[in-house]
Amino acid sequence: MSRLIEHPLGIVMLLVISIISVMIIFLIIQSIPILLYRGLEFLTTSSWNPVKEEYGILFALGGSVVVGLISVALGAVLSISLAVFVAEISPVRLRSIFVTLNDIGAAVPTVIYGLWGLIYLAPFLYDYVMAPLSTFLSNVLGVPSRPGTSIFTASVLMAIMIVPFSSAIIREGLLSIPTHLREAIISIGATKWELIWIQVKMVKNYIIGGLLIGFGRAVGETVAVAMVVGNVIQPEFYKIFLPGYTVSSLIADQYQNAEAYTYMVSALFAASLFIFIVGLLANMVGLSMVRRK
Amino acid sequence: MVSMNISKLILISSILILFIVGISVFYMSQTNINPIQQEGRAGYTITIVYDGQSISLDLPSTPIVIIGGGSTFVNPQMQAWATKFRDLSKGLVTVNYQSIGSGAGVAKWKSQALDFGASDIPLPKDIYSEIKGTGRQFIQIPIVAGAIAVIYNLPEWDEAKCGNLRLSGEVLADIYLGNIIKWNDPKIVSLQDKCGDLLPDSPIIGIHRSDGSGTTAAFTLYLALVSDEWKNSVGWGYTVEWPRDQLGYGLGGKGNEGVTQKVVSTPYSIGYVELAYALKSKLPVAELLNKAGNFVLPNATTISEAVKYASKKFPDPADDWSIIADKLLYLEGELSYPIVTYVYLVLDLDYNDDNKNKAIKAFLTWILTEGQKSENIVEGYIALPKEALDIALKAVEKIGSS
Chain A
0 MSRLIEHPLG IVMLLVISII SVMIIFLIIQ SIPILLYRGL EFLTTSSWNP VKEEYGILFA
60 LGGSVVVGLI SVALGAVLSI SLAVFVAEIS PVRLRSIFVT LNDIGAAVPT VIYGLWGLIY
120 LAPFLYDYVM APLSTFLSNV LGVPSRPGTS IFTASVLMAI MIVPFSSAII REGLLSIPTH
180 LREAIISIGA TKWELIWIQV KMVKNYIIGG LLIGFGRAVG ETVAVAMVVG NVIQPEFYKI
240 FLPGYTVSSL IADQYQNAEA YTYMVSALFA ASLFIFIVGL LANMVGLSMV RRK
Chain B
0 MVSMNISKLI LISSILILFI VGISVFYMSQ TNINPIQQEG RAGYTITIVY DGQSISLDLP
60 STPIVIIGGG STFVNPQMQA WATKFRDLSK GLVTVNYQSI GSGAGVAKWK SQALDFGASD
120 IPLPKDIYSE IKGTGRQFIQ IPIVAGAIAV IYNLPEWDEA KCGNLRLSGE VLADIYLGNI
180 IKWNDPKIVS LQDKCGDLLP DSPIIGIHRS DGSGTTAAFT LYLALVSDEW KNSVGWGYTV
240 EWPRDQLGYG LGGKGNEGVT QKVVSTPYSI GYVELAYALK SKLPVAELLN KAGNFVLPNA
300 TTISEAVKYA SKKFPDPADD WSIIADKLLY LEGELSYPIV TYVYLVLDLD YNDDNKNKAI
360 KAFLTWILTE GQKSENIVEG YIALPKEALD IALKAVEKIG SS
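Protein sequence lines, in the order shown, are assigned to chains A and B. Per numbering that gives the first Met the number 0, the first sequence starts with residue 0, numbered consecutively. Per numbering that gives the first Met the number 0, the second sequence starts with residue 0, numbered consecutively.
Because the hints were derived from the structure by calculation, they are not lab data. The structure presented is a predicted model; accordingly, all values stated were derived computationally and were not measured. Each hint should be verified, as a subset may be incorrect.
A few chain A residues that face chain B, going by a derived Cβ cut-off under 10 Å, partial list only [claimed, not checked]:
1. K51
2. A121
3. P122
4. P234
5. P242
6. A251
7. A257
8. M263
Straight-line distance between alpha carbons at most 25 Å, and here's what the computed DMTMM-like set of lysine to aspartate or glutamate pairs gives [what the hints assert, rightly or not]:
9. B/K107 to A/D126
10. B/K281 to B/D192
11. B/K253 to A/E52
12. B/K7 to A/E171
13. B/K181 to A/E235
14. A/K51 to B/D319
15. B/K253 to A/D126
16. B/K230 to A/E52
17. B/K397 to B/D349
18. B/K181 to A/D126
19. B/K124 to A/E258
20. B/K253 to A/E258
21. B/K230 to A/E258
22. B/K290 to B/E331
23. B/K253 to A/E235
24. B/K131 to A/E258
25. B/K230 to A/E53
26. B/K311 to B/D86
27. B/K124 to A/E52
28. B/K109 to A/E258
29. B/K107 to A/E258
30. A/K51 to B/D325
31. A/K51 to B/D192
32. B/K124 to B/D319
33. A/K51 to B/E129
34. B/K253 to A/E53
Here are a few chain B residues that sit away from chain A, every Cβ distance over 12 Å (derived from the structure) [claimed, not checked]:
35. S28
36. K83
37. L87
38. D119
39. R135
40. K253
Just so you know, even glycine gets a beta-carbon here, dropped at the ideal spot from N, CA and C.
Just need the whole structure built from these sequences, with the hints factored in.
So this is what it looks like as structure tokens:
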């Protein structure tokens with residue numbers, strides 16, 4: 000312990016950890032009033048009715064988790080493919096161009112993604128994905144409506160937004176595999192695809208790490224999601240073609256006038272506390288996957 | 000070797016961060032030092048002419064920053080006033096307005112974090128009584144009016160041939176309640192003068208604000224006034240639960256711009272926004288049925304007429320305004336537009352600082368006189384009539400004199 004404190008980096012670590020702990024304690028303290036007032040109903044019901052001071056955030060929590068899971072699933076396919084392409088398939092001379100393009104994708108402001116999602120992606124998905132699919136899946140996925148803003152649209156947009164991050168991490172993993180290992184794999188007669196497959200398995204930890212960052216980003220993203228998720232209190236949040244809410248977009252929508260109501264501020268803090276817990280659980284799952292050999 | 004470099008890098012950057020944190024902590028503890036010396040400026044006044052007589056505004060002897068905040072709706076107008084007045088006062092009075100939302104503005108003024116709060120609705124009764132109970136002297140004054148326009152996206156409807164779509168409060172309530180599903184509902188058709196048969200057999204997409212807003216508060220208050228069903232099942236406030244959403248025919252948009260954007264991009268939709276956004280969007284605006292039985296568009300004439308009748312009902316600035324909130328909408332008058340909104344300032348009568356009292360008094364007096372002239376009013380806002388301004392001016396006169 001004393002070594003931790005004496006080392007200059009230990010001080011920085013203590014500073015960072017104490018800031019995060021203060022934030023968590025603050026969240027918990029702020030959440031207490033609504034939890035005492037609504038109890039478990041706060042977690043298990045779907046309503047946001049400040050007029051009657053009724054708050055239940057199941058719809059938003061569910062929306063966040065659904066957006067997070069779908070976007071990570073889509074993002075996993077996209078970002079692994081992209082990373083493999085850049086690291087293995089693309090000509091070495093062009094690699095730096097692809098890397099730069101990829102990293103620019105991570106630097107585009109989220110509001111730009113949101114605007115693009117609202118104007119182009121949502122109508123496109125409505126015409127070519129949601130409307131055709133809903134003709135025979137409407138019982139499960141819901142009936143979409145124009146302009147196509149829905150939980151599904153938000154998930155696709157978030158998948159697109161997390162790809163630059165996840166694939167950059169996976170790509171660095173692939174590029175860090177020592178040349179002699181690659182040569183060894185090739186020398187025992189592996190085909191190109193076998194070589195790729197073995198390497199992808201070798202960078203499993205990078206993939207999990209990259210996707211965890213993606214999940215955190217998808218769950219926490221506010222501006223872009225608020226523009227395409229529909230912003231409707233939807234108890235059936237699992238019907239992904241319907242407009243819905245995520246916790247972050249709910250907070251962005253509601254914090255301005257929250258102080259005009261008795262419990263709304265507390266309800267918003269409690270919602271963010273639960274989204275924090277969701278993120279924590281996701282990290283624990285990811286870590287246990289990394290540890291399992 | 001590489002890891003050595005990285006840890007050095009981390010060390011250097013952490014020292015840098017600590018250094019920056021140290022500097023900012025140092026400056027945070029040093030606020031308000033070095034007041035600018037304003038020798039010879041004491042007693043500086045601005046003279047304005049109002050109602051045929053000249054009023055002189057006493058300015059503070061040192062530069063004062065007034066911190067206000069609240070309503071996002073009034074933000075462009077407040078910024079315009081603040082800029083103009085800072086120039087007029089030669090930098091002696093700076094108004095720092097934070098567009099944080101009405102609810103937050105009132106709450107932060109209540110906890111004395113702001114000098115004044117701006118709100119789209121009057122102080123709620125419980126907050127009013129609570130502050131009154133502490134013995135704090137404060138007033139509420141309306142400073143500017145606005146209107147809420149109902150916009151629609153109806154491809155079949157040709158305004159040149161059919162005129163603007165006509166709607167009534169009851170029909171709007173029925174739409175947002177989900178009682179009316181399609182555009183060709185007999186209740187909508189019967190309101191139209193002509194082209195009633197052009198209304199399509201398509202569901203209406205009801206668009207509303209998803210964020211808490213004074214616009215929603217005024218719009219839902221209007222619906223509650225004209226429809227008992229709305230009043231009993233939904234109520235009114237910054238945020239309400241929209242019954243139409245549950246049918247799958249409702250959508251939320253963030254901010255006036257979000258609602259406008261959604262109406263533009265969603266055929267067969269309807270929405271409500273502040274007038275300035277409706278004008279900017281070039282979307283058609285619905286004519287609304289007023290209390291006198293006429294269909295009126297929101298414009299300078301119809302809004303001013305409504306403001307004229309409303310201002311007769313304004314209580315004393317020191318009184319509880321929450322009880323008249325529902326009496327300022329849907330008013331008599333042949334041409335009155337039914338959904339007119341007001342921005343209210345809440346402020347103290349004594350800031351325990353002579354200079355601050357002078358600064359706030361001068362700024363507000365200017366807003367209520369010169370500030371109401373058309374060249375100082377931003378598009379989409381409506382100046383208040385003289386009767387309302389006189390009452391407010393009399394109240395502002397008391398600042399610092401108690």
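Consistency of the hints with the structure:
1. Taking 10 Å as the C-beta cut-off, the interface hint given for A/K51 holds, the closest approach to chain B being about 7 Å.
2. Annotation: A/A121 was flagged as interfacial toward chain B, and the flag holds, the nearest CB pair being 8 Å apart, inside 10 Å.
3. The restraint placing A/P122 at the interface with chain B holds, with a minimum CB-CB distance near 7 Å, inside the 10 Å limit.
4. Hint status for A/P234: holds, given a least beta-carbon distance of 8 Å to chain B, under 10 Å.
5. Hint status for A/P242: holds, given a least beta-carbon distance of 6 Å to chain B, under 10 Å.
6. The interface hint given for A/A251 is met, as the beta carbon of that residue sits about 7 Å from the closest beta carbon of chain B, less than 10 Å.
7. Against a cut-off of 10 Å between C-beta atoms, the interface hint on A/A257 holds, since the closest Cβ of chain B lies about 6 Å away.
8. Hint status for A/M263 relative to chain B: holds, with the closest Cβ pair at about 8 Å, below 10 Å.
9. Straight-line distance between C-alpha atoms of B/K107 and A/D126 comes to about 47 Å, which puts the hinted pair past the 25 Å bound.
10. Pair hint B/K281 plus B/D192 holds up; C-alpha atoms about 23 Å apart against a cutoff of 25 Å.
11. A hinted pair counts as satisfied when its Cα atoms are at most 25 Å apart, and B/K253 with A/E52 qualifies at roughly 21 Å.
12. Only pairs whose Cα atoms come within 25 Å are accepted, and B/K7 paired with A/E171 is accepted, the gap being roughly 22 Å.
13. Distance restraint check for B/K181 and A/E235: the Cα-Cα separation of roughly 24 Å lies within the 25 Å cut-off, and the hinted pair is therefore satisfied.
14. The suggested pairing of A/K51 with B/D319 holds, with an alpha-carbon distance near 22 Å, which does not exceed 25 Å.
15. Pair hint B/K253 plus A/D126 holds up; C-alpha atoms about 24 Å apart against a cutoff of 25 Å.
16. With a C-alpha separation of about 16 Å, the suggested pair B/K230 and A/E52 falls inside the 25 Å cut-off, and the hint holds.
17. For the hint linking B/K397 to B/D349, the alpha-carbon distance of about 9 Å falls within 25 Å, and the restraint holds.
18. With a C-alpha separation of about 22 Å, the suggested pair B/K181 and A/D126 falls inside the 25 Å cut-off, and the hint holds.
19. Of the pairs offered as hints, the one joining B/K124 and A/E258 holds, with about 15 Å between alpha carbons and a cut-off of 25 Å not exceeded.
20. Between the alpha carbons of B/K253 and A/E258 the distance comes to roughly 18 Å, so the proposed pair stays at or under 25 Å and holds.
21. Restraint check: the Cα-Cα separation between B/K230 and A/E258 comes to about 23 Å, which is no more than 25 Å; the hinted pair holds.
22. With a C-alpha separation of about 6 Å, the suggested pair B/K290 and B/E331 falls inside the 25 Å cut-off, and the hint holds.
23. Between the alpha carbons of B/K253 and A/E235 the distance comes to roughly 21 Å, so the proposed pair stays at or under 25 Å and holds.
24. The suggested pairing of B/K131 with A/E258 holds, with an alpha-carbon distance near 19 Å, which does not exceed 25 Å.
25. As the CA atoms of B/K230 and A/E53 are separated by approximately 17 Å, the hinted pair is consistent with the 25 Å bound.
26. A threshold of 25 Å between alpha carbons decides the hint, and for B/K311 with B/D86 the separation of about 34 Å lies outside it, so the pair is violated.
27. A C-alpha spacing of about 16 Å is found between B/K124 and A/E52, which places the hinted pair at or below 25 Å, so the restraint holds.
28. A threshold of 25 Å between alpha carbons decides the hint, and for B/K109 with A/E258 the separation of about 11 Å falls inside it, so the pair holds.
29. Pair hint B/K107 plus A/E258 holds up; C-alpha atoms about 9 Å apart against a cutoff of 25 Å.
30. Restraint check: the Cα-Cα separation between A/K51 and B/D325 comes to about 19 Å, which is no more than 25 Å; the hinted pair holds.
31. A threshold of 25 Å between alpha carbons decides the hint, and for A/K51 with B/D192 the separation of about 40 Å lies outside it, so the pair is violated.
32. Taken as a hint, the B/K124 and B/D319 pair is honoured in the structure, with Cα atoms around 7 Å apart against an allowance of 25 Å.
33. Between A/K51 and B/E129, the direct Cα distance comes to roughly 20 Å. Compliance with the 25 Å bound is thereby established for this hinted pair.
34. Pair hint B/K253 plus A/E53 holds up; C-alpha atoms about 21 Å apart against a cutoff of 25 Å.
35. With a least CB separation of 19 Å from chain A, B/S28 remains clear of the 12 Å interface cut-off, as annotated.
36. Even its closest Cβ contact with chain A, about 26 Å, leaves B/K83 beyond 12 Å, as expected for a residue assigned away from the interface.
37. Chain A leaves B/L87 outside its interface by the beta-carbon criterion, the shortest separation being 31 Å against a cut-off of 12 Å.
38. Listed as a non-interface residue, B/D119 fails to keep its Cβ farther than 12 Å from every Cβ of chain A; the least gap is roughly 9 Å.
39. For B/R135, the non-interface assignment is confirmed: its Cβ lies about 18 Å from the closest Cβ of chain A, beyond the 12 Å cut-off.
40. A cut-off of 12 Å between C-beta atoms contradicts the statement that B/K253 is not in contact with chain A; the least separation is 5 Å.
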